[in-house]
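Undergrad: Spelled out, the chains give:
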Amino acid sequence: MLKLTLAGVNHKTTPIEIRERLAYPKEHLNDALKSLSRREGILETMILSTCNRVEILTVTTHSSPDPEFYLSFLQETHPVLQGHSLRPYLYHLTGQEAALHFFEVTASLDSLVIGEPQITGQVKEAYERARSLHLVGPMLNQIFQRAISSSKRVRTETGISNLPVSISYAACQLARKIFQDMGDKNVLLLGGGDMAQLTARHMRKMGVGSLTLMMRDEKKGKELASEYQAHYAPFSELENTLVHSDMVVCSTGADTYLIDEKMVAAVHSRRKAGTLFMIDIAVPRNIDPAITRHSGIFLYNIDDLKTVVEANQREREYEALQAREIVREELSTFIRWLADRSTVPLIQSLRSHTESIRIAEMDRYQGVLANLPPETREKVDILTRSLINKILHPTYQTIRQSPDVDEVREWVTKCYGLPSDLPNPGAEATSGENVSGTLSLSQPPLVEGESPA
Amino acid sequence: MGGALLHTLSLFILFTLRGHFTLISLKEAASFFSWALVIVFLILEHQRKAHILGIVVFPVSFLSLLFVLGVSTDPSFLRSPTTSILISLHSVLIDLGLASAALAFFVSCFYLTLDMFLRRKIFNLFFNKLPSLEFLDRLNREFNGLGFLFLTLGLIFVMIWSYRTYATVWPWGQRGSWSLLVWFLYLALVLLRRRRNFQGKQAAYLSIAGFFLFAMTILAVNLYMGGGHSVF
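Respectively, the protein sequence lines represent chains A and Y. Its first residue numbered 6, the first sequence is counted upward by one per residue in the working numbering. Its first residue numbered 10, the second sequence is counted upward by one per residue in the working numbering.
If you're looking for bench data, these hints aren't it; they were derived computationally from the structure. Any given hint might turn out to be false.
Claimed, not checked - Residues of chain A clear of chain Y, computed beta-carbon distances all greater than 12 Å: (1) E22; (2) R26; (3) L179; (4) A180; (5) I183; (6) D186; (7) D251; (8) S300; (9) G301; (10) I302; (11) V313.
What the hints assert, rightly or not - Among the chain A residues that face chain Y by a calculated CB cut under 7 Å, a handful are: (12) F184; (13) G188; (14) Y237; (15) R275; (16) A295; (17) H299; (18) D309; (19) T312.
Backbone N, C-alpha and C define an ideal beta-carbon position, used for all residues, glycine too.
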């Protein structure tokens, strides 16, 4: 019997001071995995280690390892944690709960920023690492395939990842609400701070027509301009550049308005383009809010962008409700797979038992059957097979649909007189989901190097 | 899609049985308007991914069909006299023009709503579903251009018919004057659009006014002013 267990810490349970010590450096992950796999009872395992979580997924024989097992492993592989107790931070899930948690993590429903796309790639990486060390068997393979499938469905069937939740992305989202095609748009960046650089990077990804960068420091400005394939212009050109700009991103350290109402009034009459979208992420602000009196001008400051981000986060949480439904559907598919795997040995036992009875009866009447023409003998053979299949069909259905294979095995054994020592193609047949909510699977041989989705 | 296909089939059967495709009653005009609205929307949705228009196109089309069902059927509608091909073209083109004007009206409403959301910093679900201002403005321009084209062609055909029947190109009077006013308004929209600074809110407001004038003219002219559309 195989048991699925997940133990770990994440951003919800553990402060950053502990998490940063627990995260495995990439070069140490293989050693940690090998060390874990050498422990008693471990058949399959993988470790997901990111800045927000360290989670260990294991498949073991007979019983789930207790939290102490994982605590001792984490202590052993992190000597720096000696003296610190991880017990208050560790969560330990088994069976269905472990599977559900893994599905939610992969679909980015358990992330710090719900819907962020990196976690799915990190799960894939963790799986590939374990697979390369031959630590993945049928259980982990199947749970990984289903988790990736649910993650894909969540992305395509919900809007969970459509809405940006960073200030710089929010600025780009707003630009998309105003402009359809960024390919013919001129964007002016005032200042070269981190936010301006991030925005410049996103703008380049959006395929913006031209980028102009203005900075007080000409040397640095030209360097940055070259990095983002932008054109450098001095501040003295501001008014002229505004005439041809469609979007302005302002994040300088200046303590006065760089763009005031008077400048915009002068520029407005010379402008050919209709709409001017301005983002002022500087504190103190660099653009006079009075400029919005002019038609076709949209101005957003840092607080406005935070409002966009908050609204998007709320929207993502709403979408997450639908996403959780999808995850539960995929979990049901996984549980059905487990149940099917568990019932196969019992069905095969019953089939071989009845077939042996049929053959014995056919032999008993061999004398009578021998007098029949060959085609009639063949028909009798088909008839007996068909009869048995028809009689047993409801039983097969009942076995497949049964939530407790142990109980149904006992019932089938009594009803059909199955010998207890009947050859069993698999190991001990067990339930796919029992009352305690744990998942289990009759033990198949470990599959090495199964391909991912 | 299924509804649009069935509606197309029903119009085809009606026109085939009758032998011409003149829309001879307000009921038929409403039915054709409903069909034209959905067809133009489906083409647009396929080409431009303007899904958001569906939230107004389908209810309006449905209401238009409800109106059609509510009006009693004239049992002689299949036996109506064969009319000139020019009148048939006129009625269909004017109806297509109205459908285009209605779509321009919808996108103008969306434009003004999105503009208001952006100015007041309202970020709700509807905000997220709306396409960009630039896209809505472009759609508005295209629908108005299409509406103007249909309207112009519709009026040219009726002018030819009028000249042949009454030996006068333009039958002045209330009906003719209002029709000309609508045409001039759409001409103004199309010409003003050629100037780069006439766009956005100004164009949206004028489109809304244009649609109202167009729709009111069709209703008022045909319901209260008599004339060539005597069966209305």
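Undergrad: All hints, please: hold or fail.
TA: Hints, verified against the model:
no.	hint	in the structure
1	E22	holds (35 Å)
2	R26	holds (39 Å)
3	L179	violated (8 Å)
4	A180	violated (9 Å)
5	I183	violated (5 Å)
6	D186	violated (7 Å)
7	D251	violated (10 Å)
8	S300	violated (7 Å)
9	G301	violated (6 Å)
10	I302	violated (10 Å)
11	V313	violated (5 Å)
12	F184	holds (5 Å)
13	G188	violated (12 Å)
14	Y237	violated (28 Å)
15	R275	violated (11 Å)
16	A295	violated (14 Å)
17	H299	violated (12 Å)
18	D309	holds (5 Å)
19	T312	holds (6 Å)
The structure does not agree with the numbered hints 3, 4, 5, 6, 7, 8, 9, 10, 11, 13, 14, 15, 16 and 17 stated previously, though it agrees with the rest.
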